[in-house]
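Assemble chains V and W onto chain E, guided by the hints.
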Amino acid sequence: MVVQGVKTVSTARNGIGAFILQCKRLDFHYCDWAGSSRGLKSFLTSPLLAEFTAKYPGIEFRVSPRPNRHPILKAYFINGREKAVCVRNLEKEQIVKKAEFLVANSGKKNELIRGKNVVSVNENVRGIWSPMHGGIKNV
Amino acid sequence: MSPRTPITSQPPTFLLPFRAKLHQASTQQAASPTSQFHNTQPDIPPTLLQTTDATATTTASSSITTTTATVTEPSTTQSLSRPLVISRSLQELLPKLCVQKPHYIVAHVHRFPYLLTEGDTLRLPFHMKGVSPGDILRFNRASILGSRDYTLKAGTSNTESYDAKRTAEPNYLDERLFECRMRVVGLETGPMMDKEKKKRRNRHRKVVHSKHKYTVLRVMQIKIKTLEELNQEKGTLLFEAQEVLGGQAQ
Amino acid sequence: MKRLRLLRWSGSVLSPRTRPDLSQLQPHTFRRCQATAAASSAPLEEPVPEAAGTPFLPEEILQRLPSPPVTAARTSAKLAALHARLSLPSRLPLETLARTLVDASADPSIRFNNKGFAVLGNDLLGYYTSEYLLSQYPRLPLAVVFAAMYAYHGPATLAAIAREWGVEAAAEPGGEVDPGLLQFKRLPSEPRPELPHPQLISTRQEENPNFRRTMSSRTVYDDQFGEIKERTRSAETMQEKGATLQRASTDFVRAVFGAIYLHAGRAAAKQFYNDHITSRQVDMASLFHIKNPTRDLSRLCAREGFQAPVAKILSETGRKSRTPVFVVGIYSGSDLLGEGAGASLDEARTRAAVAAMKGWYLYSPTEFRLPSETEEPGARPWTPILVDPGEIAN
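Protein chains in written order, with the working numbering: chain E, 1 to 139; chain V, 140 to 389; chain W, 390 to 783.
Extracted from the complex, chain E is given alone in its bound form:
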């Protein structure tokens, strides 16, 4: 028994090979009666809806009434979380923007990240500087 193997699980790097959109389902909820749903209803009856759904075939779209409530878009993500955006009194072009945002989102919590733009899991290419190597000064 010279060397033993350690069981691990490889980590996914979405986007390097295949890219999987993190939003898997998008619900449109509207109210038939209330005026705040006017924009969403006009979006749902306009050709914009067909354009939007054709642009994202990897997402399941659902349209359902939600009476006596403001209209919302609700996105379900692969990581199990969901995000809802209220679209009351919005025009259909604004609703498209909100929907595009939800589709492109990763589903993670919104976190404040200061100054750390690059996140790497690789080993350092040039190695780590060591004070023990080279140029040690004797006092």
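Calculated from the structure, these hints are not laboratory results.
Hints are not guaranteed to be accurate.
[Claimed, not checked] Restricting the straight-line Cα-Cα distance to at most 20 angstroms, the calculated cross-link-like pairs of lysine to any residue (SDA-like) are:
no.	chain 1	residue 1	chain 2	residue 2
1	V	334	E	110
2	V	362	W	668
3	E	116	V	258
4	E	108	V	266
5	E	98	V	271
6	E	83	V	346
7	E	98	E	54
8	E	98	V	353
9	E	55	W	668
[What the hints assert, rightly or not] Stretch by stretch, here's where chain E covers chain W in the computed footprint (C-beta under 8 angstroms, at least three residues):
no.	region
10	456-469
11	474-486
12	531-540
13	641-649
[As the list claims (entries may be wrong)] Label-pair ranges, simulated between beta-carbon atoms:
no.	chain 1	residue 1	chain 2	residue 2	range
14	W	655	V	349	51 to 57 angstroms
15	V	371	E	108	38 to 44 angstroms
16	E	61	V	301	52 to 58 angstroms
17	V	370	E	132	41 to 47 angstroms
18	W	692	V	264	30 to 36 angstroms
19	E	118	W	692	52 to 58 angstroms
Where a beta carbon is used, it is the ideal one built from N, C-alpha and C, also for glycine.
Using the frame of chain E, we list chains V and W on its own:
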């Protein structure tokens, strides 16, 4: 177990650089490693090594050391129309840089530098318009390409002024030398930030809300082109002649 | 190399499926539109002429079915979304994708579950991963090969992949369930086993002290990950006992690979493999667990004809302090094999020996080709790659 004679067709197997590049100091030239330790100048980071060598090219901005080759291309935007000049030192060192993996790149977006390796996630500090998730971008501005032992840098142009060095447009490598592909992964937001605006001796206060959007990219590929690949781009390549350079040096 | 004639033996997998007991109930027989032309291989009943009516079956019939009917695949939004999300080739029809989602515990009939696809997909995954590992790291010891195979396409990884693909599991299988959900019969909840699953792949197994499970025996008797093969359970026990979520999603991912191979061909399967498995990250250096690195290193040097390894202090600081640091290098002659830092001389020497052993085992050629690359049309002839004499014996 009987000791065998080492296979002569292969190089000394322990000294092959593929693992050594990550875990231990490089011993690939089969030199004594302790002498190599003392050869490096520890006080200056190796990327900044700028020693005047015998093979230095003529322009004042560029120099070459054993590990650093320099290309003098002032800007990427004009460089596509002009031929790509590959100096003698680059011809010598580029194959070594290509072979030694992994690579890193210092890519610039809106002049800001980002040190990237393959598989990294880059969260741009702005919302990039006109891209949708799944798109593939190619970064064409980079100031440094490197591996463990080799670095290819764009020369610096303004070295006399401290301010110009910090704020001026950096020099970029020719974009035909490398391919850096990024995948647009998505759009993220920071949390909603509230800032209270209040003036003294005045009861009016205003709360300003802000919620920024950031485009998230992932590095798909960093590829440094080999000399053969550069050769195939017809009409763009100029090899610096040996005798001319020999005349210019010194 | 002689190629298998796929059209012969995959006929039963690709042929149109009809449930014998329900054939009179189906409004129309599904007919595949695909170029693999597998339908001619088996004598089949004539397709029933298109019956007027909807693809939806009445509820009472659906509830009697163990898995969703074939016709339901075309009407499922989840299934179409999954097909598009994975950017599967268009030659892979939705009906086959629906079939890959049906586990053997949900539907025991082999014509309706993913068993056949999963077996093929498992072999494909093993083939691609092993050739990649052996070409890239020709000196990897067998235990680490097993560990790397497990990391790339072991059950835990495949279950994670299914989760990352956004596949949800149905609460209970049945004919009325959306065919875009993973369907399996859940195991009744059991108390967790007290002993944790062994995380190290090593020679000895504790269960039977008389039988020593060596690495070599694993290559012969065990599966791709060096684990004991599960007894092939009969369909009845499968149906009774059910499956775990991990097992069901593992079989689903394997079945997708098998289905792609059968419908879209070898190149598409290879591409899908590269996109979804090769792109994942495994730190090969972390898969090693070396018990006696200094002893192994001296044996390795003796075998390879190097000079005997000698540990030397490269630098040190704070020897008399509470936190000393020693940097020890292991030399063979004048060559530095490995180097490590530690709080004691022994620790530093051990780390240096581990680094040297990993440097030996993780040798990787600069350019390597895979044997499967020669299968493509117009490929260069195969050139031999390095074959290592083997790992160090005890």
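To see whether the hints hold, each was checked on the structure:
no., hint, result
1, V:334 with E:110, "holds (18 angstroms)"
2, V:362 with W:668, "holds (16 angstroms)"
3, E:116 with V:258, "holds (16 angstroms)"
4, E:108 with V:266, "holds (17 angstroms)"
5, E:98 with V:271, "holds (14 angstroms)"
6, E:83 with V:346, "violated (25 angstroms)"
7, E:98 with E:54, "holds (17 angstroms)"
8, E:98 with V:353, "holds (15 angstroms)"
9, E:55 with W:668, "violated (26 angstroms)"
10, 456-469, "holds (count 3)"
11, 474-486, "holds (count 3)"
12, 531-540, "holds (count 8)"
13, 641-649, "violated (count 0)"
14, W:655 with V:349: 51 to 57 angstroms, "holds (53 angstroms)"
15, V:371 with E:108: 38 to 44 angstroms, "holds (43 angstroms)"
16, E:61 with V:301: 52 to 58 angstroms, "holds (57 angstroms)"
17, V:370 with E:132: 41 to 47 angstroms, "holds (44 angstroms)"
18, W:692 with V:264: 30 to 36 angstroms, "violated (55 angstroms)"
19, E:118 with W:692: 52 to 58 angstroms, "violated (44 angstroms)"
In terms of the numbered hints stated before, the structure departs from hints 6, 9, 13, 18 and 19, listed from lowest to highest.
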